[in-house]
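2 protein chains.
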Amino acid sequence: MRIILCGFGTVGQSFAKLLESRSEDLYARYGLKPRLVGVFDTGGSAIDSSGLNISKLIDAKKNHNSVKKYSETENNTSGTEMVNELEAEVLIETTQSNYNDAEPGLTHITNAMKRGMHVISVNKGPLALAFPSLMELANYNQVLFRFSGTVGGGTPILDFAKNSLRGERIVSFDGILNGTTNYILTNMANGMSFDDALGDAKQKGYVEADESLDLDGLDAAAKLVILANWIMGMKVTMPDIKRTGIRKINNDDIKRAAGKNSAIKLIASCDKELVVEPKEIATDDPLCVSGTLNAISFTSEHSGTQTIIGRGAGGTETASSILRDLIDIRNESTKA
Amino acid sequence: MRIILCGFGTVGQSFAKLLESRSEDLYARYGLKPRLVGVFDTGGSAIDSSGLNISKLIDAKKNHNSVKKYSETENNTSGTEMVNELEAEVLIETTQSNYNDAEPGLTHITNAMKRGMHVISVNKGPLALAFPSLMELANYNQVLFRFSGTVGGGTPILDFAKNSLRGERIVSFDGILNGTTNYILTNMANGMSFDDALGDAKQKGYVEADESLDLDGLDAAAKLVILANWIMGMKVTMPDIKRTGIRKINNDDIKRAAGKNSAIKLIASCDKELVVEPKEIATDDPLCVSGTLNAISFTSEHSGTQTIIGRGAGGTETASSILRDLIDIRNESTKA
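Heads up: the sequence lines are chains A and B, in that order. Residues in the first sequence are numbered consecutively from 1, following our numbering. Residues in the second sequence are numbered consecutively from 1001, following our numbering.
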């Protein structure tokens, strides 16, 4: 199975390492022989149809901040050229989420699908802005489209709702889907001011380069779009979400909630409408998790409310979700 | 799909009602046309190869406390006879769990498998005492064996660990798997004595007829056996579990734990060994749930620790897990 990897940041590198360290096991257990044939980042690209050497790739990235220096003869193929020309079965899109026009990820994904490649995306931008049309494109081209890592990182939230609850009708859900704002709100509940809590989160590397993605609820809203489409069968995009971030929450609000044995959390909910907004949640509600944890409670018609909790981010965790998608693609595509 | 239903208590009746209320949907979505051809309880049995009328069954149970009076001419077929003689594709075992000899459930299951029937069990006894050999028997006879409802009731704990975490290696897990003891311990944490808390739980109908199943950790241990076999690939039965119940926990222990921001919970854990015992858990650990809730945290090699929380019992919830198993059997058996 030949793979093109778009982006070689934390997630891309963690995924490459995981492929290498688990190669024997993947073959033995799933008959999976993944081979990275092309990788690119903003600095350049590396191509080898017989399979790139992963240690060399990581060294090049570490020493030169790009995979461009993978081989002596620098490769000048652009990302778009690679996606349009290199032969592969699967494209994995890990470039940065962007909620203005979803580029360059959106072009990578659509072009790959048109060429008949299966696609795995951990980039939320294209899904947030164009979920319904990407699904149609995948169906039209008879390729598989997977994106487990976009919601919950390594925590298989989408799979849980779609598969473990099969036979059930999910009627509504509420989730804490952004770990950064949850970390900030948890620190504020422990007495820190908003500014200090934000500073602390930044120092720990939890905040996106564009802090608005976290603070104004864009990241949570993108995940809500994905859940609403994939789990509830809605056809919605970002503009359909009613969205309020956490910038206006102050310590008085939080104290008031605590007085009622509650905490303020940024909740993404799907009931009558799709909303991201700060809400008071009872502290003994399983949904009320602390720190950077994510949590989501699904309410089904017959089996009650079920909550799943885990870390929502992290390179290795998200890389493990890509691997799950790859195994899934391997199983599905050999079935047909 | 013809079904024999063993036992017609809360779960059996909820399942029958669910079949009736969802029949159109099951056919439209899964091509599933389930037909109850035989049902028995301790009082007698009802048989109709063209499909029993579910409302009539429920009326008979309500008015005569047995399905025996389903038709004018009482049916004298015993449960064992029905299992051995009636034609059906699936047997659903819902009689009471028994950890001495697992009967009569064990005989129902083994005889059905030998006759080539797929089996769904929500009865934990046979699995707790004979999981490895039942699995072998199912494989030998090429039938499917499902038991989602035995752990977590309607909360798909087994499925989550087996499927949603595919591609992962689960290295350990800890769970609160018995809602009754969790309810008692929660009440004790709120100041009630053990005896009062037990009395309250009994009054609410949470305690098994044989209270030892809850209080001495037998129910939790049975679920641990099932998880260890199914998820971790171990070949173990009840005697392999180190088990301590909650009878010796007193309010001082609980206060001492609370002083450390912890709570005492009956934890079933699988790490180096298989243990059920009361343990102190930090109150901000997602595992630390209150009331009758169940919770389990799986720790995987790459995707961290993930917790799933839900009600662990309830007729409708458990019935919905049987339905999931039935859909699963339908999908798997048409594949072959």
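If you are wondering where the hints come from, they were derived from the structure by calculation, not from laboratory data. Careful: at least some of the hints might be erroneous.
Below 30 angstroms or equal to it, Euclidean Cα-Cα: the simulated DSSO-like pairs (lysine-lysine) are [said to hold, decoys possible]:
#1 K1260/B x K1242/B
#2 K1162/B x K260/A
#3 K162/A x K1033/B
#4 K162/A x K1162/B
#5 K1272/B x K17/A
#6 K279/A x K1260/B
#7 K1162/B x K17/A
#8 K279/A x K162/A
#9 K33/A x K1242/B
#10 K1162/B x K204/A
#11 K1260/B x K162/A
#12 K255/A x K1242/B
#13 K272/A x K1260/B
#14 K1242/B x K260/A
#15 K260/A x K1248/B
#16 K1162/B x K255/A
Note that the structure is predicted; figures quoted are calculated from it, not measured.
Now for the hints, and whether the structure bears them out:
1. K1260/B x K1242/B: Holds, at about 26 angstroms.
2. K1162/B x K260/A: Violated, at roughly 39 angstroms.
3. K162/A x K1033/B: 22 angstroms, holds
4. K162/A x K1162/B: Within the cut-off at roughly 14 angstroms; holds.
5. K1272/B x K17/A: 28 angstroms, holds
6. K279/A x K1260/B: 29 angstroms, holds
7. K1162/B x K17/A: Distance of about 24 angstroms is within 30 angstroms: holds.
8. K279/A x K162/A: 26 angstroms, holds
9. K33/A x K1242/B: 41 angstroms, violated
10. K1162/B x K204/A: 34 angstroms, violated
11. K1260/B x K162/A: 39 angstroms, violated
12. K255/A x K1242/B: 45 angstroms, violated
13. K272/A x K1260/B: 42 angstroms, violated
14. K1242/B x K260/A: 41 angstroms, violated
15. K260/A x K1248/B: Violated: K260/A and K1248/B sit about 34 angstroms apart, past 30 angstroms.
16. K1162/B x K255/A: 42 angstroms, violated
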